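Q: When you get a sec, could you build the whole thing from the sequences and use the hints?
Residue numbers for the sequence shown follow the working numbering, so the first one is 422 and each next one is one higher.
Honestly, I wouldn't trust all of these hints.
Estimated spans, in silico, between C-beta atoms of each pair [said to hold, decoys possible]:
(1) N512 / Q544: 22 to 28 Å
(2) G487 / G520: 15 to 21 Å
(3) T456 / A493: 40 to 46 Å
(4) V494 / W439: 19 to 25 Å
(5) L498 / G543: 25 to 31 Å
(6) G506 / L466: 40 to 46 Å
(7) D457 / V501: 24 to 30 Å
(8) A451 / L522: 19 to 25 Å
(9) R481 / L460: 30 to 36 Å
(10) L519 / P485: 21 to 27 Å
(11) G452 / G484: 36 to 42 Å
(12) A514 / A451: 17 to 23 Å
Derived by calculation from the structure, the hints in this document are not laboratory data.
Please read all numbers here as calculations on a predicted model, not as lab measurements.
The beta carbon of each residue, even a glycine, is placed where N, CA and C say it ideally should be.
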Amino acid sequence: MAFLIRWLIAFVLLAATWNPTPLNYLRWAAGHWETDLPLTVLGGLILVVGYVIYLRATLRSIGPIGMALVAAVFGALLWVLVDRGLLQIGNSALNQWLGILLSSLVLGIGLSWSILRRRISGQVDIDDVDEE
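A: Below is the structure:
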């Protein structure tokens with residue numbers, strides 16, 4: 422359940438920043454920054470804080486190589502789904518949502534990796550020693 426919550430927050434963070442619908446921060450900010458600059462800056466800073474938390478935790482947990490490997494596994498999965506005819510690449514909106522989904526999974530895995538690794542292997546990370 423903890424992974425699901427971390428993944429869902431990452432998904433909301435990415436989808437709130439940008440998605441193929443008109444309801445996202447970047448499109449809203451582009452249309453309102455002149456008339457509502459303080460709110461635009463506040464919203465942007467809140468998103469930046471979310472990204473810093475997720476990216477820093479992910480980089481500390483699995484590192485850039487781990488992030489690339491997880492992304493490669495998801496990329497290979499997409500390739501298999503397209504190759505088997507289960508996924509069509511012609512739908513731009515669907516592809517964009519899949520990109521958001523897979524990026525959020527990379528961040529969710531990165532944020533949860535230390536916990537998952539500890540449960541699977543019994544090994545404790547240096548950062549986790551204070552928790553026991």
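Q: None of the hints should be skipped; say for each whether it holds.
A: Hint-by-hint comparison with the structure:
no., hint, verdict
1, N512 / Q544: 22 to 28 Å, "violated, 43 Å"
2, G487 / G520: 15 to 21 Å, "holds, 19 Å"
3, T456 / A493: 40 to 46 Å, "holds, 43 Å"
4, V494 / W439: 19 to 25 Å, "holds, 23 Å"
5, L498 / G543: 25 to 31 Å, "holds, 29 Å"
6, G506 / L466: 40 to 46 Å, "holds, 44 Å"
7, D457 / V501: 24 to 30 Å, "violated, 45 Å"
8, A451 / L522: 19 to 25 Å, "holds, 24 Å"
9, R481 / L460: 30 to 36 Å, "holds, 32 Å"
10, L519 / P485: 21 to 27 Å, "holds, 22 Å"
11, G452 / G484: 36 to 42 Å, "holds, 38 Å"
12, A514 / A451: 17 to 23 Å, "holds, 19 Å"
When each numbered hint is compared with the structure, violations occur for hints 1 and 7.
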